[in-house]
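Going line by line, the protein sequences match chains A and B. Numbering of the first sequence is given in this note's numbering, commencing with residue 61 and proceeding in unit increments. Numbering of the second sequence is given in this note's numbering, commencing with residue 61 and proceeding in unit increments.
Keep in mind that the hints are not guaranteed to be accurate.
[As the list claims (entries may be wrong)] BS3-like mimics (lysine-lysine), calculated; alpha carbons at most 27 angstroms apart, straight line:
| no. | chain 1 | residue 1 | chain 2 | residue 2 |
| --- | --- | --- | --- | --- |
| 1 | B | Lys183 | A | Lys352 |
| 2 | B | Lys114 | B | Lys183 |
| 3 | A | Lys105 | A | Lys233 |
| 4 | B | Lys359 | B | Lys105 |
| 5 | A | Lys269 | B | Lys352 |
| 6 | B | Lys114 | B | Lys85 |
By construction, these hints were calculated from the structure, which means they are not laboratory data.
Number of protein chains: 2
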Amino acid sequence: MEIKNVTVAGGGVLGSQIALQSAYKGFAVTLWLRSEGSIERTRPKLERLRGIYKASLEALKTDPSAFCRGLTDSPDVPPAQLDELIARVDAAFDSLVLTTDVEQAFGGADLVIEAIAEVIAEKEAFYGSIAGALPEHAVLCTNSSTLLPSAMASFTGRPDRFLALHFANNIWKNNTAEVMGTAETSPASYRAVVDFARAIGMIPLELRKEQPGYLLNSMLVPFLNAAEALLANDVADVETIDRAWMLGTGAPLGPFRILDIVGLTTAYNIVAASPAAQEPGSTAARIAAMLKARIDEGKTGVNAGEGFYRYN
Amino acid sequence: MEIKNVTVAGGGVLGSQIALQSAYKGFAVTLWLRSEGSIERTRPKLERLRGIYKASLEALKTDPSAFCRGLTDSPDVPPAQLDELIARVDAAFDSLVLTTDVEQAFGGADLVIEAIAEVIAEKEAFYGSIAGALPEHAVLCTNSSTLLPSAMASFTGRPDRFLALHFANNIWKNNTAEVMGTAETSPASYRAVVDFARAIGMIPLELRKEQPGYLLNSMLVPFLNAAEALLANDVADVETIDRAWMLGTGAPLGPFRILDIVGLTTAYNIVAASPAAQEPGSTAARIAAMLKARIDEGKTGVNAGEGFYRYN
């Protein structure tokens, strides 16, 4: 099946990135938003992304380290071609259609990427509201990080054409896209989404079955939890634990640098939701308390200027 | 306290490396071995290490990537100075005293590093056999990976002067040394061992309390286990899981490359010993079966030429 018209639902951090990236790579993109207020809040995000895309391509003329895997195939692109790509960013930005109209947004969609709030009731209402407008052949993807597609498949009325396409933040740089179907997803829909992910400059990571947390978070969460436990149990300090990981594995970042990027609030929400954290005196409870103390001081990570480390 | 005379007990993989490294950095090193047969088996290991040390220093004359953190402080060393260091390797090798004599090995020791088999009864017999020969001030370290020093402290007769100093394999390159005391270890002994580790070119990683697995393995084991679970549950293939980790965290190696280096037999022993692996149908049991199948085919990792990947 051929995908030309892509509709992204939701203009949050990821929704806006997916929309601009897809348009940049030549797709006709509509961004469906819930209200006029959402449209007004999404425009500056898209403006900001346009600036980042153009600045990254401009920087690549003189600095190979400015290479973003989602923007060009390699760091070696002649300046004239980079100028064409910069013009393409503007054209992509201008081509985006932002609308609250369900018929306009979904009536001609080949592919829908849902990136709305992680609330199951909202997902249900959303999929119910678009079902009547969608063309028969349209494939639906959810970008949900925390809900499994099988929990939403029945809402869509087309479980064979429904799966998860999970992006990382800053998709023009961190261009992985985890592709995960349910037991009902048809192979044709799965392949179409893998191909689409590749077509918009992503590296598709194919999951053969449902897995909460997909691949990356399935490994990252227990790893970060182990590091948090060492700190919460006062086995060593932040710098020593990070150094042990970096020197022992050659990784560029230790767990606490990664936690500062992920954000301490997200890390806290994950551990606080675990059954072990409800037992006073458990390691999980100590981890939660340790993270909460930092969060209460405003040290929530890189974005706040301080987390486990200080940033300028 | 000043450390001059270092005695290493055991001529295995780590014992021989610790002995040569300590001599290379200027300490008077005695290697105590259990029998004449052990001495004969240890000599070729030391010869091989001498060759590696000299070849690495020689290569550094023309190739900065040959830099080994345990051999020189930086990659920028003038050739004449490298020639001096190469001569120092020979001098260090020649200075090593190999003996089975307890009085000769331990009678003048300031520091003992025990690197014998990971069998508690052997540790007990060893510490008991040397107690009478040791000078009062001598500090004892165990390099044990799997036994906690508190489980051995009573064997030594000097629990205040006993702690763990845990090396990584290939210490001239992977120069971390985890320093871990028990509740009884005196601060002075702890500091003396930290200083010694630094003096032989290691980066000491200071643990404030006992932790099974120290720092690195405390993080590595749950991380590798999570990756093994993804494979054993057929969520994705080896290459995809590795790619998810490398692209998502910027790490140079994914979990299955690391497992090939660690060795599948070690990974199998860890998971097979867990209570969960005894339950048929559990993820741990599936992981154990998956590793065992590869081990039975001789695919035990890099050293065998094949593990999860093939090596030439």
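Evaluated hints:
Taking the CA atoms of Lys183 (chain B) and Lys352 (chain A), the gap is near 43 angstroms; set against the 27 angstroms cutoff, the hint is violated. Between Lys114 (chain B) and Lys183 (chain B) the CA atoms are separated by roughly 34 angstroms; this puts the pair beyond 27 angstroms, and the hint is violated. Between the alpha carbons of Lys105 (chain A) and Lys233 (chain A) the distance comes to roughly 17 angstroms, so the proposed pair stays at or under 27 angstroms and holds. Our distance criterion of 27 angstroms between C-alpha atoms is met by Lys359 (chain B) and Lys105 (chain B), whose separation comes to about 25 angstroms.
For the given pair, Lys269 (chain A) sits about 24 angstroms from Lys352 (chain B) by alpha-carbon distance, which is consistent with the 27 angstroms threshold. At roughly 14 angstroms between alpha-carbon atoms, Lys114 (chain B) and Lys85 (chain B) fall within 27 angstroms of each other, so this suggested pair holds.
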